[in-house]
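2 protein chains.
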Amino acid sequence: MKVYGVVMAGGSGTRFWPLSRQFRPKQLLNLTGKDAMINEAVARLKPVAKDGIFIVSSKSQREGLLAVLDESIPKENVLLEPVARNTAACIGYAAIKILKTCGDGVLIVTPSDSYIKNTEAFTSALSLAAKTAEEKDAIVTIGIKPTFPATGYGYIRYEKSEEPVKRVLQFVEKPDLPHAKEYLSSGQFVWNSGMFIWKASLILKKIELYLPDLYKELVRLGDAVGTAEEGNVLETVYPEMPSISVDYGVLEKSDGIYVVPADLGWSDVGSLDMIEAVRPSDSDGNITVGETYPLDTHHSIIYTGGKPICTVGVDDLIIVDMPDVLLVCSKEHAQDVKKIVEELRAKGKEELL
Amino acid sequence: MKVYGVVMAGGSGTRFWPLSRQFRPKQLLNLTGKDAMINEAVARLKPVAKDGIFIVSSKSQREGLLAVLDESIPKENVLLEPVARNTAACIGYAAIKILKTCGDGVLIVTPSDSYIKNTEAFTSALSLAAKTAEEKDAIVTIGIKPTFPATGYGYIRYEKSEEPVKRVLQFVEKPDLPHAKEYLSSGQFVWNSGMFIWKASLILKKIELYLPDLYKELVRLGDAVGTAEEGNVLETVYPEMPSISVDYGVLEKSDGIYVVPADLGWSDVGSLDMIEAVRPSDSDGNITVGETYPLDTHHSIIYTGGKPICTVGVDDLIIVDMPDVLLVCSKEHAQDVKKIVEELRAKGKEELL
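Protein chains in written order, with numbering that gives the first Met the number 0: chain P, 0 to 352; chain Y, 0 to 352.
Chain P on its own, in the form it takes in the complex:
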């Protein structure tokens, strides 16, 4: 059976502002200093998703995406949503499109903005997950072996066994710290990586079962795929689709899900402070990009998009200096950057977003 990659790349990543902007979302940033996040996601999929890789992004991000995207991805594999309708619609769109144009196959569905250090372990886990998804015609997820009691990730509880592929018992929302500690010590929990491996036909079956309103629109869309009407129908049906996550709409309701626990050196790079997971720091724990002069400065992230930055006597700070706006944020408050974005939007400062 064929194996395809589906990279979900429609997010805006406001917690990465002002590095990420409306016209340059997080997945298009080169955070590692090597390549854009989306291209790193594509490169990681290639050894397993040998039959093609698809990108699902939004129409508004088209220009920025095509300027950055790995040239080996054909333009017809770039699916552009007219409006954002969360992950169930995004995955359904990819599934119906691939089913109609390529036939059925295993789809490795992955976010575009994760960082994975251990690429060989990732390839092995994906291969095993794809094989399982095909043989059992089941939903298979990649679970990340937890390294600390994270409260910012969802967890997956699985049935103990000697097999490398485990049966999922439960999806668990982001826990509080006592629960997170319990999960960590139990040895029966992994972090939910947001990566799911399943056949296109199974995705559509599950959506038909649990999200019939969405399924109806997907069928309309599927009927138009390959015709002159495809573009018009896409514009018509997308706004009608319910906005719901695949986790909540499908996975939490499904039985017979499998998980492949893996040790990937993974992080979700959800906010600016997570840059430390993807870039090496100097002997003072600082990560600096551009011309910087840190004095008595420790464990800080200093990013200049142009002019020199001098710092004196600061710790655990994030500084992002863009030509049109400056952000100075404590690492502890990195999650709250989205509040600044909301405030700027409320004040009509669209040009800064």
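The hints are all genuine.
Each pair may be met inside one copy or between any two copies, as identical chains are not told apart.
Simulated crosslink set (EDC-like; lysine to aspartate or glutamate; CA at most 20 angstroms straight-line):
hint : residue 1 : residue 2
1    : Lys-99    : Glu-133
2    : Lys-99    : Asp-136
3    : Lys-180   : Asp-262
4    : Lys-330   : Asp-314
5    : Lys-252   : Glu-158
6    : Lys-204   : Asp-246
7    : Lys-330   : Asp-315
8    : Lys-338   : Glu-290
9    : Lys-337   : Asp-295
10   : Lys-306   : Asp-323
11   : Lys-330   : Asp-295
Source of the hints: derived by calculation from the structure; they are not laboratory data.
Position chain Y against the provided structure of chain P, taking the given hints into account.
Then chain Y, alone, in the frame of chain P:
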């Protein structure tokens, strides 16, 4: 007897970088939001120094100074040192120049970069000091009644008396905290404001006595004042003058000095954190200049020379964003800004200084 003001304005103020620059020293900055510091110093002197106000600055600062300086100061009252030679030379130059062109008089010698809130009290203190300097032909200083056990200022110990003008017993260097606390509680100490009131003829007598090498050059200069050779002689003699402060070279060696203790709401505005002494803060204790968006931000000084600044979750921070360089500094380390300036100079980044 005539009374003149002499404003010493030759400093560079590297602890105010990057607000202050080589071409725009601290005394030319408008820190209060009202007028440049030097013009505020001039305005404070006017009610007492009725016979003229002189500025001593450096040749290299001429252009910036004249662009900013109060137009009521005649150009011939702006004395420009060819090279910097500390305060004894600066005051000696002003004394010989005024003596030769205007005749003897009381000189109120003051720094250009202090902030004084209680201007009426200042006028009273100056009047009393000028009267005393004339009647007793003595050196009179203005002492600031201490409001906290400052370790960053020099102190003056005086003889207890009921008179408003006290006899100085001792000049004391910047103390450690235990000593500063002792001085504060004794009621016999004031801060050294760096303001001295004495006759031009007395200044020259004291320099002749304690700094004969300097006196020799001043005599050469004095002989040329008013002649076609004045400019050339100034260029020739200045580099020969010893570089020594008037405090160390004259005052600490002199007897019969008086001090007028005064409650002036004074601060020396020596470093960026002292901006809080001269500008009102908002309800979070922040002082912001320009377009700023402070979120969970407290007791910080945020100055933008152009683009918007957003801050999240930071306290006690100083941010100065200039078009060509950005400084982020903890208030606690405000004194260390000069180290950054030294580092930039050492690295040949003259254009940023």
